[in-house]
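> Just so you know, the protein sequences line up as chains A and B, in that order.
Its first residue numbered 0, the first sequence is counted upward by one per residue in numbering that gives the first Met the number 0.
Its first residue numbered 0, the second sequence is counted upward by one per residue in numbering that gives the first Met the number 0.
Simulated from the structure, these hints should not be mistaken for lab results.
Take these hints with a grain of salt, some might be off.
[Said to hold, decoys possible] Stretch by stretch, here's where chain B covers chain A in the computed footprint (C-beta under 8 Å, at least three residues):
{"id": "1", "segment": "198-205"}
{"id": "2", "segment": "351-360"}
[Unchecked claim] Take a look, some chain B residues computed to stay more than 10 Å from chain A by CB distance:
{"id": "3", "residue": "Q3"}
{"id": "4", "residue": "A11"}
{"id": "5", "residue": "E37"}
{"id": "6", "residue": "T50"}
{"id": "7", "residue": "V60"}
Heads up, the beta-carbon is just placed ideally off N, CA and C, and yes, glycines get one too.
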Amino acid sequence: MSARSTTDHGPRTIEAGAPPARYARGWHCLGPAEKFKDGAPHEIEAFGTKLVVFQARDSGALHVLNAFCPHMGGNLAHGTVKGDALACPFHDWRWGGDGKCAGIPYAHRVPPRARTRAWRTLEENRQLFVWHDPQGAPPPEGVTIPRIEGAFSDEWSDWTWHTVRIDGANCREIVDNVVDMAHFFYVHNAFPTYFKNVFEGHVASQYMTSDPRADMTAADTLSAQGRLRSEASYYGPSYMLDHLWTETGGATVETVLVNCHYPVTPDSFVLQYGALVRKLPGMSDEEAAQAAAQAAEGLATGFEEDIAIWRAKTRIDNPLLCDQDGPVYQLRRWYEQFYVDVEDVRPEMTDRFEFEIDTERAVAVWRAEVAANLARRGTGTAAGAGEK
Amino acid sequence: MVMQPVTCRTCATEVLVEKRSLPHTTVQWTRATSHCPELAGHGPARVAVCTRLRATIEQAVRDGALEVAGDDE
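Please put together the full structure from these sequences, using the hints given.
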């Protein structure tokens, strides 16, 4: 299986391509809704422009508008919430959450067509989402963010939340991870034993079972404690929910991770992630918060490992794959549906596709590597955890 | 290796299947999953496998109707 072809085709040339000039159609999470409910406008740099998020004082609703005032270009994020409207700091023009000009205090009347762009919003799982569609259409039926009951339950911890901006990489890099079984071993010190992807409609799922690595300490790996089962799905181009069940000391710890991003420019994006943990029987709020913080810390370590790879790697449109790699090309075919006009979405982008990896070879090789690491450590040759 | 058509013994849906080895399976659907008794009604991609289609594929391998790459190795 690992035999090389005897035909010499010459060295492979990487096609780096260029990141798409447009931004994906879909719901994008901007962060915890609570963060935007402090009475002040918040600037968000996204989709190659700037947006402003504010809470209408009277109705309490969250709104998203273009940040720049269509009057003279003032930045509304530096303005003030006045009633249900947002006032520009430049000339006090007032903008409602629907994008209509709600008043110009120094003018006799508001120009009849005075409107700015109001972005469609959604609050779910205590998070704020904004709908982006270059064609300006509303989300199709069924394209929404699923509700996570744990986000509203006393039986679960509160969300932890982290935000990090990645410069010099297109957000496709993070989506590629959905199919990348081997990187879990080499980058994240995990040990996948089962790995399957399913793409269908606007959802891309990853079903994985991962074992702890005997040559790693808890700090080195996401699944130090025990066998971990994970069901992760992207709902659209940028919002992933990952349900995890970890066996630890006779109990099963249930965790929900969110991994989401929004694009800033074609080669930068803001990555956000958080965790919820179901309280074990007898667990106090503090202990649950601690468990969630621990899960978030593991997640943070994982993303730091990914980020180090992204910062140093090249974009690659023609990855050279082996038999045991996941379906990178089919994942990108699925992902492309969000970058073309709706009328150009082809059936093969959304038809159900399943790919179950043969992990036999990888598991055997990885077992041997783990055993060798342990043996080397046992003989005191200073081989550290994490040595590759 | 090419994708080979397999017709599910339960719902008669035809899918395209590739087996690179016994543990590996690729399934490409070419129409909606709404006639599948195990997938219909669930969110898209939220069920990992239809066990009846899976059984059909495994039977096709046993019957020799579905070629598995690497068999001759």
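> Quick check for students: does the CB of B/V60 sit more than 10 Å from each CB in chain A?
Since the minimum Cβ distance to chain A is about 14 Å, B/V60 lies beyond 10 Å and the statement holds.
> For the segment 198-205 of chain A, do three or more residues have a beta carbon lying closer than 8 Å to a beta carbon of chain B?
Per the Cβ count (7), the hint holds.
> Count the residues of the segment 351-360 of chain A with a beta-carbon closer than 8 Å to any beta-carbon of chain B: does the count reach three?
Check passed, 9 qualifying residues.
> Take a quick look at B/T50 and tell me if its Cβ sits farther than 10 Å from every Cβ on chain A, holds or violated.
It holds; B/T50 is separated from chain A by about 13 Å at its closest Cβ, greater than 10 Å.
> Would you assess whether B/E37, listed as outside the interface, keeps its beta-carbon beyond 10 Å of every beta-carbon in chain A?
Given a closest Cβ separation of 12 Å, the condition holds.
> Measuring Cβ to Cβ, find out whether B/Q3 lies farther than 10 Å from everything in chain A.
Its Cβ never comes within 10 Å of chain A, the nearest being 15 Å, so this holds.
> Quick one: work out the minimum CB distance from B/A11 to chain A and report holds if it exceeds 10 Å, violated otherwise.
With a cut-off of 10 Å, B/A11 remains clear of chain A, as the shortest Cβ separation is near 16 Å.
The structure is consistent with each of the numbered hints, conforming to all of them.
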